[in-house]
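Start from the sequences and build out the full structure, keeping to the hints where you can.
Here the protein sequences line up with chains A and B, keeping their order.
Quick note: the first sequence uses the numbering used here, first residue 68, plus one each step.
Quick note: the second sequence uses the numbering used here, first residue 68, plus one each step.
Keep in mind that the hints were calculated from the coordinates and are not lab data.
Glycine included, every Cβ here is placed at the ideal spot set by N, Cα and C.
Among the hints, erroneous ones may be present.
[What the hints assert, rightly or not] Stretches of chain A that chain B covers, calculated by requiring three or more beta carbons in the stretch to come under 8 Å of a beta carbon on chain B: (1) 365 to 372; (2) 387 to 393; (3) 591 to 600; (4) 663 to 669.
[To be verified] Over the 10 Å line for every Cβ pair with chain A, so calculated as not near, a few chain B residues: (5) L101; (6) A240; (7) L576.
[To be verified] Quick list of the computed label-pair ranges, beta carbon to beta carbon: (8) B:S188 - A:Q663: 32 to 40 Å; (9) B:P647 - A:P647: 36 to 44 Å; (10) B:K468 - A:T431: 36 to 44 Å; (11) A:G578 - B:P667: 55 to 63 Å; (12) A:A497 - B:L111: 53 to 61 Å; (13) A:R177 - B:G223: 53 to 61 Å.
2 protein chains.
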Amino acid sequence: MPQTDTLPPSTPAAPLSQAAPQTGLSGRIVPPVLPPKAADAESLDVWGFKDTAFGINERGHVHVTGNRYDGMSGQELPNLMPWFQSVVGIPMDLSKRLTSAYPCPVAPSRPADAFLAEIRSVLAADQIATDDAIRLRHGHGHTQEEMYAIKAGKLGRVPDYVVYPTDEEQVIALVEAAKRHDVCLIPYGGGTNVTDALRCPEQELRPIVSVDMKRMNRILWIDPANRMACVQAGMVGRHLMEQLGQHGFTMGHEPDSIEFSTLGGWISTHASGMKKNRYGNIEDLVLDVRVVTLNGVLSRTAQAPRESIGVDPRLWLFGSEGSFGIITTAVVKLFPLPPVRKYGSVLFKTFQQGVDFMYALTQTGRIPASVRLMDNLQFQFGQALKPAPGGLKALKSKLEKAYVLNVLGYDPNQMVACTLVFEGDAAEVAEQERTVYRVAKRFGGMKAGAENGKRGYALTYSIAYIRDFIMTLNVMAESFETSVPWTQAVSLCENVRRRIEAEHKARGLAGNPFVSCRVTQVYETGVAIYFYYAYYAKDVEHPSDVYLAIEKAAREEVLASGGSLSHHHGVGKLRRGFLPAIMSPAALEWRRLAKQAIDPGNVFGCNNLIPADDQGAPPA
Amino acid sequence: MPQTDTLPPSTPAAPLSQAAPQTGLSGRIVPPVLPPKAADAESLDVWGFKDTAFGINERGHVHVTGNRYDGMSGQELPNLMPWFQSVVGIPMDLSKRLTSAYPCPVAPSRPADAFLAEIRSVLAADQIATDDAIRLRHGHGHTQEEMYAIKAGKLGRVPDYVVYPTDEEQVIALVEAAKRHDVCLIPYGGGTNVTDALRCPEQELRPIVSVDMKRMNRILWIDPANRMACVQAGMVGRHLMEQLGQHGFTMGHEPDSIEFSTLGGWISTHASGMKKNRYGNIEDLVLDVRVVTLNGVLSRTAQAPRESIGVDPRLWLFGSEGSFGIITTAVVKLFPLPPVRKYGSVLFKTFQQGVDFMYALTQTGRIPASVRLMDNLQFQFGQALKPAPGGLKALKSKLEKAYVLNVLGYDPNQMVACTLVFEGDAAEVAEQERTVYRVAKRFGGMKAGAENGKRGYALTYSIAYIRDFIMTLNVMAESFETSVPWTQAVSLCENVRRRIEAEHKARGLAGNPFVSCRVTQVYETGVAIYFYYAYYAKDVEHPSDVYLAIEKAAREEVLASGGSLSHHHGVGKLRRGFLPAIMSPAALEWRRLAKQAIDPGNVFGCNNLIPADDQGAPPA
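In structure tokens form, the structure reads like this:
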């Protein structure tokens, strides 16, 4: 595998006076509409593309279909289940599968004749869906409890109708019709949230209409000289990346869900991308938004690089999770594609040493686009995911391993791996590499190559598939994340692991819980930490509820350990019960009053603004 | 003058595991309270410190008192007025002075007996002021119309009382008493705004109480390992810098008003510092705020480096200009003091070439902490401010000048100067310097030395004094700023200059208007531009109103040329009449509704949320 990606050349930096006429913004490019691709079909009942599925083959090994993911698709992963069983510590009965009853039953659509009659004058027939499967898909995101419910239980309520606007005028018409006819609207982007954000309120008596933004998926213009683009909110991350790349640009925003999540969703959930060290988080990348609200369209006349214009409603959109209106377009910053992208990895003997390294690296100011630290269990997981080795490669790998373990004293049950992505021009990348490896040495780090680094990032995209796959084997799993000051990072990880182990034991659950974490982002003041927690739930009654209760306990531990409620996943309905634990009553009241003022009829009734543990939230 | 500043050593980057116990945040430092300094006394009727005053000495030359500002204080500036007269193009009668009637009369305090009785149970006698001079000072900022009015006219209304809380409990008591007794509160920081933000509403019938935060001026704690500090909102920038510096840190926020403006003011006005390239703007630096509102204290339980916690009221504070409540403390990011600070300057033959250079430099990603471009007039201004030359220095300067002008073909009426501040470690600074001078060469730039660079930044602090000084000579002057995409930067500058010239001519004003600009900030997507406009107003009736009318026309031209309403000064009352020109009715309605919901009694009644040209705003 090459150590350096080949990237298309970036736009040459022409002198400004030649780059565009000085008379205005006439250098804007209007890119063509991207044609849809047949291969991009998505599964409804599990995460991801239809062409990628994990299963157990005739030899009893895990096997992955398709050819989408390098080093995994089309491969057999013979080490995965044996390794997982060794962690869980009890034999797993792989023949006992969860019987999927997908699609679970959904209640008939509630009548909304007057609303439908009105919107039929604006939307074509194919822009209104009443199909049960479609309604079901729009009633959930990707939390474990939702993914379990759609296969082994049912959702309490799903949208009664799904609509697909193609432009802002249609969105305005939808909002006006909803207001007039007492309908509840829920904006829908990629449907990838892991916060129960799309869960319909059980007690909602009005018809619920999901507004699926996927047909508002265009780049309206690219301004190459001023490094901006205006993009419709329903555009999916991978399409945005692809089309900007054709013009030599990137937005630099790469959340783990980029294959499916949308620009509007990123803004609504206050998203963070893995390369934020170079490009910034979503709030650093969005210069302007247009939002259709009950009071009309929130908009601005011009985009400036940075402003002080009094109280700025644009800022209220970050984290609003559909509470205030429907984002239709945003103007985002662009960056030229970096001439060089390289991967790297470093091994450390302990998690503490790895965190010490990251801290020291952050102080240097020469931080690669991404730097992540996987704990020992996640490092082992990465090894277990390797396809069956064979030939020369296997031999080499074996030799390397023996050297690391025996000669240098790395303990396979302690060592951790840091993965790195470097982006920039050649000199910049070289300087970052020198800095990384020099600092790593101070903390006993050992270079472990680009391929391992690249593998680490590839894992990001495949792990969501694995969660849904192991659910069929009665393993309940989910991720959650937080952010925390540096000095509390390691203790928070310890506390959460211990708390989950205690909760597991207290419930008399079999085997060991799987608890693993990685440090996914570094800041001057602290880090973001991402946890995976799984347990083997064979013969457990209500396995999803048990999971939820333990996850809730883990969240309590996160807060008690100085962590935030969320670094980038958001609040949704899963975590709004915790809001009173992190904000003063005055802060909660501000939110409630703002919502009431802006949407007095609660048309956007599926929101995160009510800090109550209602609607089937996890048991206390 | 040394080319490199000597900075105190920064805190060594200890390994995290040694930097602080892993059990929490016990490594916090509580710094002592800074004793007040006699030399820090401020003028009431003009900008700045009392020890620094511009005047005309017995030889008829401009002279500056004191020793505060290197290269200017204690010096004679014989070139300043001759040069300024040559720009204005008509002889100025320096003997004809504006007669200062400062302090202008103020109306007696309106009775507020019940309010005062209540707050006297919480505040000591020296925490409540009724003195006219103090009331007057709290009724204005530093716009030209305000500074003119207090000397040659009067303010419409000033606060009836000024209070000085020393802790958050007192602020809470003040807000509760104001609510109970129907009193209007105005938070007061450094009083340095240039937006009429502190101008009291004429039609306000309630007693008005200015809440001066200057006694809440402490750093409550510094967390060196996690690079955070908790600071009271009334702390003045220069004190914050000084005390953080004693611990090896900086907040990195250096607005031009840093000598007098406060942390609370920075947040309220959405401030920008000259070194934002390295440290970020205020919104990048503030991790948390505590705000006393009508509904209680807006607060959070913990500070995390970055979060996604739903709609975040903290973000509503940026730019709120006192509309929602009183900020009492903020948690801010810290940076170690840079080991190296260097200045630099580069000359270009034209403004366009200078902007082309800045654009190309921004593309490299190796941008110094500050890079600014002064237009030709401002370059000349800098030369004219040089003290009387003499001896070897004068000779050298003369030779250099002749070489630049004759041999290299720089036209003294066209050439512009770029000034630079480099901060970082030695390698970082060296790389930035190499990049700057390499790119500058591409655009015909010529290195002009560190001393000229340093002078350029020193000018920042002295120019506000000059404005008030030349007002006594009947020159009306003020600055205003904007931000704009790159391709519109040069045309915006041209348009504004032409518009001011046309307005000047249309009014039959004598001589030429002085219009100068500098590019003060660079972003990937555009720049911030700072204008100075002055005119000689001898024998002009209502000279301040004429100025205001022309400034308003200039602002119209800024907006028409693609510029923002403000980059960092804010809206205040000076610019709120323009809000409907930049925001949709829905956006304005959002702001109005949010204000109404959060402060229904309009206790914070001196705000920027009413987009109306009321209260003596500039004539249409």
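For each hint, the structure was consulted:
1. Check result for the region 365 to 372 of chain A against chain B: holds, 8 residues qualifying (beta carbon to beta carbon below 8 Å, three or more required).
2. Counting residues of the region 387 to 393 of chain A whose C-beta sits closer than 8 Å to any C-beta of chain B gives 4, which meets the bar of three, so the coverage hint holds.
3. Residues of the region 591 to 600 of chain A lying with their CB closer than 8 Å to a CB of chain B number 5, which satisfies the three-residue condition for coverage.
4. Counting residues of the region 663 to 669 of chain A whose beta carbon lies closer than 8 Å to any beta carbon of chain B gives 3, which reaches the threshold of three, so the coverage claim holds.
5. Here B:L101 stays apart from chain A, with its beta-carbon at least about 24 Å from theirs, past the 10 Å limit.
6. Distance to chain A confirms B:A240 as a non-interface residue, since its nearest Cβ pair spans about 16 Å, more than 10 Å.
7. Separation of B:L576 from chain A is adequate, the least Cβ-Cβ distance of about 29 Å exceeding the 10 Å criterion.
8. In this structure the supplied range 32 to 40 Å holds for B:S188 paired with A:Q663, their Cβ-Cβ distance being about 35 Å.
9. Distance hint for B:P647 and A:P647: a CB-CB separation of about 38 Å, consistent with the stated range 36 to 44 Å.
10. The beta-carbon spacing between B:K468 and A:T431, approximately 42 Å, falls within the hinted interval of 36 to 44 Å.
11. Checked against the hint of 55 to 63 Å, the C-beta distance between A:G578 and B:P667 comes to roughly 57 Å, which is consistent with it.
12. At roughly 57 Å, the beta-carbon separation of A:A497 and B:L111 lies within the given 53 to 61 Å, and the hint holds.
13. For the hinted restraint 53 to 61 Å between A:R177 and B:G223, the CB-CB distance of approximately 58 Å keeps it satisfied.
Violation of the numbered hints given earlier is absent; every hint is satisfied by the structure.
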